[in-house]
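Each chain is listed here by its residues.
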Amino acid sequence: MESTPIIPSRTETIRAWREHGGGIAAVLPIHYPRALLRAFGLLPVEVWGPPQVDPAPGAAHLQPYVCSIVGNALSFLLKDGLAVADVIIVPHACDSLQGLGSLLLDFVRPRQPVFPLYLPRGRRESDRQFLADECRALYGKLAAVTGRAPSEEELMESIRREEEADGLLTELHRRRRALPLTDLAFYRLVRAREYLPAEEFSALARAALDAPPADPRAGIPILLSGILPEPMALLDAINEMGGTVVADDLACCGRRLYPPGTSNDPFRRMAERILNGPPDPTRGSPIAERFRHLVGMARETGARGVIFYDVKFCEPELFDLPLLRRGLQEAGLPSVHIEVDLNDPLSGQTLTRIEAFLEMVAGQTEEARR
Amino acid sequence: MNPVNALRYHWNVNVLGPAALRLQRWQAERRPARWDTRYLAPPLRIAPRTKELVARHWLAGRYANGYRKVAWVTSGAPVELLKALDFYVLYPENHAAICGTARLAVDIASEAESAGYSRDLCSYARTDIGAVLSGKTPVGRLPKPDLLFACTNICQTVLFWYRVLAEYFGAPLVLIDTPFVYTEEAAGHAVRYVRRQLEEAVPVLERIAGKRLDERKLQEVGLLSKRASELWLEILQRCRHRPAPISVFDQFIQMAPIVEMRGDAVTVDFYAALLKEVDERIAAGVGAVKNERKRVLWDNLPIWYRLRYLAEFLAQHGVAVVASTYTNAWGELAPLIDPDDLWESMARTYIYPILNRGTGHKLRTMRQMVEEYQLDGAILHSDRSCKPYSIGQMDQRDRLIRELGVPALLLEADHNDYRVFAEEQVATRLAAFVEMLG
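Those protein sequence lines, which keep their order, are chains A and B. Just so you know, we're using this note's numbering here: the first sequence kicks off at 1 and counts up by one. Just so you know, we're using this note's numbering here: the second sequence kicks off at 1 and counts up by one.
It is worth saying that the hints were derived from the structure and are not from the lab. It is possible that some hints are incorrect.
[To be verified] Only some residues are given here: those of chain B computed to face chain A with a beta carbon under 8 Å:
hint	residue
1	27
2	101
3	115
4	117
5	161
6	167
7	180
8	182
9	197
10	276
11	374
12	403
[What the hints assert, rightly or not] Not the full set, but computed from the structure, chain B residues with beta-carbon under 10 Å of chain A:
hint	residue
13	34
14	116
15	159
16	164
17	173
Where is the CB? At the ideal position from N, CA and C, for every residue including glycine.
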């Protein structure tokens, strides 16, 4: 009954894209206008670390108290891991990513052009206007390096393609429990959005959604919050320990379920899509809004507890945690906080803590039933 | 306004408090120097007045609720708007620094840590959140904010931190978001964005203040802000003189008014007096370090709980720390403030602090300081609590060494949390650095 969709790897995808004359944009976390890059024939391939790289090259530029997403990205780049990219996009999400963008521009100076992108920290009209202007400025930079100038219609077409993919991504998240996929298979599928062309992702998503529905997956339903589920073996481990992820508030996944835009101006539409996404501390969403979002998701999906799974030194996450956890506890949702370094294997300690947490949640559920 | 609160405020802030503070100042003026005068000049005569000025500011805060509207603001925020609307302005960062200097920061921060705030978070934030949760503070009492006013031009941390404060106090948070300037010039749309936010903030601030913003008053405040910043910059630039009349450690202590009382007339008077005293030192040939052999730069925030240790250790070896990118930050933008075009100039001034600019810009600033102040070396405090200031330092250090031939030391510490200050290790590294200076 469980199926595993065949998902092309990053390497295969990049090779195929290149063979068709396309360019590659290496993109750092978190939010950016995919449609804009695609309109220039650039395939956005996201760089969340990656995990398990030799951190030494990055350590020559960054102090040990900088998170491993940023440290690994720099190490990866210095080891020619981004050699395939034609441009590097560094969205501004936090002080560490800001520092990385600045280091690349001023000191490291990779072969490719580096384009930072500032994300405003609110949803005011001035924020929308600024982000639209920022996208317009990025358009100018991309036009200069690619020699292309996509028309407004081409931009809108690209936006529509991404909106369709994001709509399907949202639907996958909504129907995840009835999909015939393990958590690991589900996250492999949804995280393919990090590098697959939108149309390829949409085809895969449609196939998964069209598969005969399965009985809702058994297991203690939990909500996964944080940055990214790495190492991905974590997901199998959660299933093996009797848990099942029924919703997420992960920076790489659930926080990027962008709704469709409404504006007919392509730059404004790209901006409003990003700013209207689910709450995210790096976009300045109030903690109360995040809290309501988490509780709402838990109610909708039946989640009984929350695992906050963070990368060490992540300030945007760490500031929100005490109030979120206290509020969730009061709302009857216990939580556990786990911090990892992207270069660490899945540790016994992490597994023990998750197991203990799941047992505790199961115990509470049992008690409530009685 | 409640007349009892008004009476309480005037009695304590304008009558009783000043009298007590004057007495304390009189006593301080007669107290023998605490820092080692075998290597260091006697303390500045103005030091007791600084303490009095700062204490009076915090005293006013203690009785502000119920009498004046209170705003908690970040150190790089466009405070002129708030001053023109008569807010009492409290700087949590300054409060945390006071706790750090008094070596109370760890005790207070522990309150936040017990509530779940990670030790990996900024120690200023932990100190202040700890103070909010426990009421512990060396300044008597912190008034509750009617407004939280944060500007991202010093870091994104302040945004995350003020979002927490907004939840604790239920106070409105007004954000002035200043896009990071990666290149030499801020983009036109970024400056327009900042200006627009400043203009959009006004109705919110007016509603909380209960009064309309008087453009003329704003202009006056802007002028006072500019004048104080200019005087501060002049004072710092006097350290180009050999021997430097004051050290960076003096600057760290004397900078409190330019941060927390920018826009007040009393701040202008204060820095005019400080400049006069500095000039008197120069005329008399007095150096901050008695036997100034070498001159170095300090990069990043101070290590508040070890100012004296560092000043004495270095002075003992004839090393004077005479310039700092940090203290310079409150003066270098003075020329950008234009009271005749305040809105546009505020947008430009507040987007360009060193902390909102690229790592290459900071290196250029350091290079310029090395030349202008004739420096022999640089100490880069790698501050665990301040990522935007610290990221880039490893390359900056390497370039200073390689391109300017200047010995440069990366000193691992934290501005407020002494638990990460390894004294023996620091002493060894400083000794090696001093040796390299020759």
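Here is how each hint holds up against the structure:
no.: 1; hint: 27; verdict: violated, 42 Å
no.: 2; hint: 101; verdict: violated, 23 Å
no.: 3; hint: 115; verdict: holds, 5 Å
no.: 4; hint: 117; verdict: holds, 6 Å
no.: 5; hint: 161; verdict: holds, 6 Å
no.: 6; hint: 167; verdict: holds, 5 Å
no.: 7; hint: 180; verdict: holds, 5 Å
no.: 8; hint: 182; verdict: holds, 5 Å
no.: 9; hint: 197; verdict: holds, 5 Å
no.: 10; hint: 276; verdict: violated, 39 Å
no.: 11; hint: 374; verdict: violated, 25 Å
no.: 12; hint: 403; verdict: violated, 12 Å
no.: 13; hint: 34; verdict: violated, 33 Å
no.: 14; hint: 116; verdict: holds, 3 Å
no.: 15; hint: 159; verdict: holds, 6 Å
no.: 16; hint: 164; verdict: holds, 6 Å
no.: 17; hint: 173; verdict: holds, 8 Å
The structure is inconsistent with the numbered hints 1, 2, 10, 11, 12 and 13, although it conforms to all the rest.
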